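Student: Given next are the chains, with one letter for each unit.
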Amino acid sequence: MSRLPATAHALNKAFAQGEISAREIALTTLERIASIDPRLNAYTAITTERALAEADQLDQRRLRGEALPPLAGVPYAVKNLFDIEGLTTLAGARLLSRNPPARRDAVLVQRMQANGALLTGALNMDALAYGFTTENTHYGVTRNPHDHDRVAGGSSGGSGAAVAAGLVPITLGSDTNGSIRVPSSLCGVFGLKPTFGRLSRSGSFPFVHSLDHLGPLASCATDLALAYDAMQGPDPHDRACAQLPAIGVSEQLSQGKAGLRVGLLTGYFDTHAGPQARQAARAAAQALGAQDEVVLPGTAEARAAAFVITAAQGGALHLAALRERPEDFEPLSRERLTAGALLPAAWVHAAQCYREHFRRQAMALFEQFDLLIAPATPVCATVIGQPQFEINGSSFPTRPSMGLLTQPISFIGLPVAVAPIWQGARLPIGVQLIAPPWREDLCLRAAHALEQLGIAECRSVP
Amino acid sequence: MSPTDPETIAAYVNQAAALQGLVLSPERLAEVTTVFTTLAGMAATFQTPELTAAMQQATLEPAEAYRP
Numbered sequence: 075m076s077r078l079p080a081t082a083h084a085l086n087k088a089f090a091q092g093e094i095s096a097r098e099i100a101l102t103t104l105e106r107i108a109s110i111d112p113r114l115n116a117y118t119a120i121t122t123e124r125a126l127a128e129a130d131q132l133d134q135r136r137l138r139g140e141a142l143p144p145l146a147g148v149p150y151a152v153k154n155l156f157d158i159e160g161l162t163t164l165a166g167a168r169l170l171s172r173n174p175p176a177r178r179d180a181v182l183v184q185r186m187q188a189n190g191a192l193l194t195g196a197l198n199m200d201a202l203a204y205g206f207t208t209e210n211t212h213y214g215v216t217r218n219p220h221d222h223d224r225v226a227g228g229s230s231g232g233s234g235a236a237v238a239a240g241l242v243p244i245t246l247g248s249d250t251n252g253s254i255r256v257p258s259s260l261c262g263v264f265g266l267k268p269t270f271g272r273l274s275r276s277g278s279f280p281f282v283h284s285l286d287h288l289g290p291l292a293s294c295a296t297d298l299a300l301a302y303d304a305m306q307g308p309d310p311h312d313r314a315c316a317q318l319p320a321i322g323v324s325e326q327l328s329q330g331k332a333g334l335r336v337g338l339l340t341g342y343f344d345t346h347a348g349p350q351a352r353q354a355a356r357a358a359a360q361a362l363g364a365q366d367e368v369v370l371p372g373t374a375e376a377r378a379a380a381f382v383i384t385a386a387q388g389g390a391l392h393l394a395a396l397r398e399r400p401e402d403f404e405p406l407s408r409e410r411l412t413a414g415a416l417l418p419a420a421w422v423h424a425a426q427c428y429r430e431h432f433r434r435q436a437m438a439l440f441e442q443f444d445l446l447i448a449p450a451t452p453v454c455a456t457v458i459g460q461p462q463f464e465i466n467g468s469s470f471p472t473r474p475s476m477g478l479l480t481q482p483i484s485f486i487g488l489p490v491a492v493a494p495i496w497q498g499a500r501l502p503i504g505v506q507l508i509a510p511p512w513r514e515d516l517c518l519r520a521a522h523a524l525e526q527l528g529i530a531e532c533r534s535v536p
Numbered sequence: 178m179s180p181t182d183p184e185t186i187a188a189y190v191n192q193a194a195a196l197q198g199l200v201l202s203p204e205r206l207a208e209v210t211t212v213f214t215t216l217a218g219m220a221a222t223f224q225t226p227e228l229t230a231a232m233q234q235a236t237l238e239p240a241e242a243y244r245p
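So the sequences go chain by chain: A and B.
Residues in the first sequence are numbered consecutively from 75, following the working numbering.
Residues in the second sequence are numbered consecutively from 178, following the working numbering.
This is chain A alone, in the form it adopts within the complex (with noise of 0.2 Å):
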């Protein structure tokens, strides 16, 4: 097999029936990777001889006729903010970088390897996650493979290149104010921000507690519900992860959209976001059938309090090492970092009052509808090193601002997928599918939908 099928479940397929071995699937990843990534700096470790051993102990079972599972020889890689045993945890910054090696591996790594899948490495992100651009300036930039002087988005950047330069895939980032959406958004990949509490975060390096969400991105819909289902299920060390058992989602996918009722979110939705973000939720709108366009109050007020409570419990995160290394952060938010831990308390306890506010006035919304769509970016990949983008008329400086539409979501935690939409654009741009509480099937289903549609499509770079 000269090249390898662009899917995770054909993949695994092909293991299965006998047409590839677990070994060539992995040498033939780790010679894309070798090969490629250097032009897109989306790896920061490679982990050769671990992904090895995994295939030959795949290629083993198989041989003795053992049941396979579902991710059983599919390659994938993790942002390095995930304990992986044996390397240092970076979170995308040289002031962890003298830290020892993890003694094992987070919750999801060892979910995904009990679910078959080879790991291939750590991936390059935004230092300690507090960005959306992955320009790292200890650890490079990484590119965007459809056009390498833009940016891969952030902070899980190089999950997002791994994904569309086809290196693997699936990968897993963090998400705390759009860190999965809008990488997949600007490098035209599948994501899934699931339901705040869903998925564990043991194991993982924090950035902001209580906005923490951990999730998958992939060249599908089908390989995001394959991993999303490979991962679920309660967590005692996680005090936020939620004690529900795993509901599967993969059976669930060919319902398609039928008998939902969406409505496209406009508002702030619409004077947040360019003209192609805006057509492309339109076009997913149309395509699953939106009975109605729809505003959400108050999510202007809603993205400035997750601003203000990430900065804040961001910044007493670090306040330690901003007083004894400050030499060692990442120079583009140190004083981000520094300004929230300023912050005087009663502003933060406003902020969290406001989230459940907030929150009561989404919940409303799900009682006339089951999905919401919006755009899950302003605009596409900016160039690197680009300060602002405009919309509509005004300026907004690019680092912070790549998450103006996605923050108001998971502030309140709710359940997002991430689909690609082209439109004969020469770059992508996602939109949100965003669900009710728990209700990652319906994000799914409606992914899914738009893919068999023909509307949404991930064209991994050949």
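FYI, nobody ran anything at the bench for these hints, they're computed from the structure.
All figures in this text were calculated on a predicted structure; none of them were measured in a lab.
Among the hints, erroneous ones may be present.
Partial chain B-side listing against chain A, Cβ under 7 Å, derived [what the hints assert, rightly or not]:
id, residue
1, 186
2, 191
3, 193
4, 198
5, 199
6, 202
7, 206
8, 207
9, 209
10, 212
11, 220
12, 223
13, 227
14, 232
If we take Cβ atoms under 8 Å as the criterion, some of the chain A residues that face chain B in the derived model are [said to hold, decoys possible]:
id, residue
15, 412
16, 417
17, 425
18, 431
19, 463
Label-pair distances were calculated between CB atoms; the ranges are [what the hints assert, rightly or not]:
id, chain 1, residue 1, chain 2, residue 2, range
20, A, 91, B, 211, 58 to 66 Å
21, A, 160, B, 225, 50 to 58 Å
22, A, 466, B, 225, 44 to 52 Å
Every residue, glycine too, gets a C-beta built ideally from N, C-alpha and C.
Dock chain B against chain A, hints included.
Tutor: Just chain B now, kept in the frame of chain A:
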């Protein structure tokens, strides 16, 4: 304090940094003050009298994060 008054903000940032044991050069202090001013403006948007009244009944944070 008025959350958008530049002089008040500059004085507050200077004193709060000292209180937190943060040693900031004049350049860093100026940059931190600029960021703080942006954050103050954002904080003002969800602390209007109307919203404050509406939030009286709101709980602090998602209960799942603080389950005993």
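Student: Taking the hints in turn, state whether each one holds.
Tutor: Here's how the hints hold up against the structure:
{"no.": "1", "hint": "186", "in the structure": "10 Å, violated"}
{"no.": "2", "hint": "191", "in the structure": "10 Å, violated"}
{"no.": "3", "hint": "193", "in the structure": "4 Å, holds"}
{"no.": "4", "hint": "198", "in the structure": "5 Å, holds"}
{"no.": "5", "hint": "199", "in the structure": "6 Å, holds"}
{"no.": "6", "hint": "202", "in the structure": "10 Å, violated"}
{"no.": "7", "hint": "206", "in the structure": "9 Å, violated"}
{"no.": "8", "hint": "207", "in the structure": "9 Å, violated"}
{"no.": "9", "hint": "209", "in the structure": "5 Å, holds"}
{"no.": "10", "hint": "212", "in the structure": "4 Å, holds"}
{"no.": "11", "hint": "220", "in the structure": "4 Å, holds"}
{"no.": "12", "hint": "223", "in the structure": "4 Å, holds"}
{"no.": "13", "hint": "227", "in the structure": "11 Å, violated"}
{"no.": "14", "hint": "232", "in the structure": "4 Å, holds"}
{"no.": "15", "hint": "412", "in the structure": "5 Å, holds"}
{"no.": "16", "hint": "417", "in the structure": "6 Å, holds"}
{"no.": "17", "hint": "425", "in the structure": "6 Å, holds"}
{"no.": "18", "hint": "431", "in the structure": "5 Å, holds"}
{"no.": "19", "hint": "463", "in the structure": "17 Å, violated"}
{"no.": "20", "hint": "A:91 / B:211: 58 to 66 Å", "in the structure": "60 Å, holds"}
{"no.": "21", "hint": "A:160 / B:225: 50 to 58 Å", "in the structure": "52 Å, holds"}
{"no.": "22", "hint": "A:466 / B:225: 44 to 52 Å", "in the structure": "25 Å, violated"}
Checked against the numbered hints above, the structure breaks hints 1, 2, 6, 7, 8, 13, 19 and 22 and satisfies the rest.
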